[in-house]
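Visitor: Here is what each chain is made of, one letter per residue.
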Amino acid sequence: MKQHHLVDALLLFLLGTIAFLGFDDTYAGWTYLVAGVAGLLLGILIAFVGRGQPVVVLAVGLLAAFFVLGGAVALHGLGNLSILPVPDTIGTLADNSVHGWKRLLTTLPPVDGGALLTIPYILGLVTGCLGFALAVRMKAALPPVLVAFALMAGVILLGVQDPSKTALLGALFGAVAITWLCIRGLRARALAAGGRRLSRTVIGAGLCLGAAGLAFLVGPLLPGLAPERTVLRGEIEPPFDVGKYPSPLAGFRIYTKGYQTPEDDRRLYEKDLFTVSGLPEGTRVRVAAMDSYDGTVWRAANDSGETEGPDDTFQKISSTLRNPLADGKQVRGTITVGEDFGGVWVPLPTALTHISFDGPDADSFRYNLATSTGVLPSALKPGDSYSFTASVADEKVSERSESWSGGSPIGDEAAQFQALAAEYAGGGDSPITNALAVAEKLKEEGTYTDGEPPNQQYPAGHSLRRLADFTAKGGQLAGNDEQYAALMAVLANQVGVPARVVLGAVVGSDGVVQGKDMHAWVELRMSDGSWATLDWNEFMNTEKPPEQNAPQPEELVTGKVVPPPAPVRPPATSGDPLDESVNQKANSRPDGFVLPGWVVAIFKYVGLPLLLIAALCGAIIGAKIWRRHRRRTRGTPVARLSGGWRETLDHARDFGVGAPAGATRREQASVLAASPGMDGAPGLALLTDTTMFGEAGPDDAEVEAFWEQVGTLRSSVSDSRTKWQRIRAAINPLSLLPSRLWGKR
Amino acid sequence: MTVTTEQARWFHDTFEKLCDNVEKAVLGKRNVIRLVLTALLSEGHLLLEDYPGTGKTQLARALANTVQGSHARIQFTPDLLPSDVTGVTVYDQGKGTFEFHPGPIFHSIVLADEINRASPKTQSALLEVMEEGRVTVDGATREVGRPFMVIATQNPIEQAGTYRLPEAQLDRFLMKTSVGYPDRNATVELLMNSSVRDRATLVTPIITAPTVTQMAEMADQVYIDQAIVAYVSALVDESRRHKHVRLGASMRGCLALVRTAKVWALAEGRSQVLPDDIKSLAEPVLCHRLILDPEAMFNGVTVEDVIGDLLTSVPAPQERVS
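The listed protein sequences correspond, in order, to chains A and B.
Take 1 as the starting number for the first sequence in this note's numbering and just add one per residue.
Take 1 as the starting number for the second sequence in this note's numbering and just add one per residue.
To be clear, the hints were calculated from the coordinates, so they are not data collected in a lab.
Backbone N, C-alpha and C fix where the C-beta goes; we use that ideal spot for every residue, glycine too.
FRET-style restraints, in silico, Cβ to Cβ:
id	chain 1	residue 1	chain 2	residue 2	range
1	A	His-629	B	Arg-241	38 to 44 Å
2	B	Arg-164	A	Thr-712	54 to 60 Å
3	B	Asn-31	A	Gly-683	20 to 26 Å
4	A	Ser-670	B	His-101	50 to 56 Å
Some chain B residues near chain A, calculated using beta-carbon distances under 7 Å:
id	residue
5	Thr-2
6	Tyr-223
7	Asp-225
8	Gln-272
9	Leu-274
10	Pro-275
11	Pro-315
12	Glu-319
13	Arg-320
Modelling step: build the complete structure from the supplied sequences, incorporating the hints.
Guide: Next comes the structure, spelled out in structure tokens:
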């Protein structure tokens, strides 16, 4: 190995090691460093052995090293056999080379390593091989250093948000990178002979100032410069979790007449929530179906387990979907969100088959086929509108119906109500009969109140504690849709009929849905798997107020510890009572057309850099055109003649052909003439000199004729190069820089 | 009066013919021949320094032979007297008068062979004639006529039995160059024709002495821009300040460079001097005028290195002044 190869290898190794230390907070222990450094060394070795060979040889070498030695380097902790390139090892390596990145980013750091050590191993291999291959094959100083910078950027992106030792590692990395650049720069261009110390100092200072100015102007536009470190871990979208959105049933009281709040504008009882058009009168519009009860609230489950496949999960959909429930009459409708509605829950009829949003970010819309519930994580805002096609069949429960014989959607949380359910059911001959008996019992004994004075003792909520109070012996059933629907669903499940709670409204003749139209009803699962509606009128008597002198209820005596009632915070808006941030976010969005998130992301991380690059290239090309025009048209004939030759030199410089500075034109031309297409350079140089230093000096006609020859030579040079070379020359900025900077021009 | 294109072309053609003619005697040394002819047409004197057997004398004799005029050869030896060079006044008993017997210096082209073998006193006898073109003997001054050129050869000063030429003497030579050993092809050709004992006899006169004078006068009319003159001045000035130089180029060196550059330009068919002409001639014109610092010489620095450094550090002019 030659000395300069050894220097390159050592500095690349040093840079790579410093970069890998950035994983210190991402991985536990030091195994990541061993894997990364081993990859680096192997990569450098492959590049060294394969120097002078085609790139494909290096690629094959990399693959071989990855699979043959990958087990020993990255999978040694997974068992003795894993260090050998057996099929299992190769499969694990291949799997982690593709999916390991995602696993690393979605695993809470520090990561133990294991198979994920494949990541630093791959990074080391590629960096070592590519960096050293470029160092050996290219004279330019920058390319191999850029590879090390890419590794550093990769480690940062794969790392954690707040790593330690950033200043130390950054300073070390910068110092070594600059040292390597200087060594390679001196080696390639022998800068020491290129100019005097003073001029080099001035040029260096100018460059620093220029870089600082550029950073000041362009820096704020670049991604990754936010006060917070940009890491991929923070950008990855976590799996959708509908459970993070508050149950709409918990905030039901905001729709009621008796809702107590000092702010009049938040009393939604008589406010327009949304307007439905196109749907027949009496159609049920569902805000949300809640099929899971955890003892505190009824909420929509991520996966209720109702079906084998993903149909009972919230999936992203396109505008059209195949809905297995859509066997009824197809209707088209439009819903326009009113001023007092919003949130993530999207009011829809059952069995949606098509939807198109006019305004909201439709890309984030998710739909649960099993519960016919739509969620828009970016939230609806007042004024949003969406059109849909749906099948609006509405099956009612009857005594002849047969219930689902499978499992219940809720577990043992509400087992305490088993006795009550049996008491209310009265021993019917089928679960459905029992469920209907329970409903009838609730309607018969129940009273309705929204907690308005003087009934403040009946609070909101439908936790086990609240339901226990609701049904306490000696007391009276007093509540509204929230408590009745929740209890009805709990009791139905206890008598063997799978039940869920649905919040929604029935469309009136004018299509306007106000707060007073919002109700909660129960759906019971039939033997064929479908869900039939048990309307709120069947288990709740809204006309019967509670008696004021009713006896105090007795505590429900059970063997279980009853959890405290769920705190119900005052809703910010009607749509999503417990999630103010979502509403604020929704309300803060401007009206009119809003770009989809992915478009913004692509523009920010791809489009903006590309735009900057394009602008830079355009500026370079424009500067060259302007320079050529100025040289040809401005100044005395002598200046224009001299400018013509400088234009020739700069054109050659753009193609990577430098002529010695300070030399005569004919000396410069002899250097240029060795390059393709520049045979005419000596003749042009002689013409320049004889015209320039002749007794009469150049006149305008001679200068113009000379520029014609300059154009001919330029064309000759360009014609002898490939299209790609011409493009590179056009955007090559070197000729715009002072010649002393390069020692040649 | 300026040189026309036709005149420049004629000069160029004549120059090339002279080169071809001299090349019959000295094979494969075209550039040296061009330098020698440039010195001739600049009306300057030439010092050829090289090791024995490289063809210095052949070149000098071939040059003398190519001009139709008188030429003489002086073989410098340690016992050579100044009067052997300049001539001597003898008393004619028959006429009862003193008569001057001109020495070999009174020829158009004088070959001073192995000049550094003569004593400094004899070497100094050439000072006046080389600078002023006349000789003063016994109080009488006599012109040597035009053209007049001294072609001196010398062995490297390290050789035994040599006397270093004084700086004043060296400065009077327009150029100093070396012939160098012939390349392989020239050597083979020389050996194949080894039966020709004296190759200088192959050279026949093709130009008259008055034509040489005419060409020299034509060269004086070649235009040189002020920017190039400033370049020459900068080079010479820089030579005086160079860290390895004890004594830089003289004003005579400046003038020599300009004079030779004019001939060089005309020899290439141009009527104007270019910076390349200066660069091409800087080494042969300046090298014998620079005296290096002893320490630099001890460190292996040569005059050629210094001149190369000067040509690199002083940028060539790119634009005319006026």
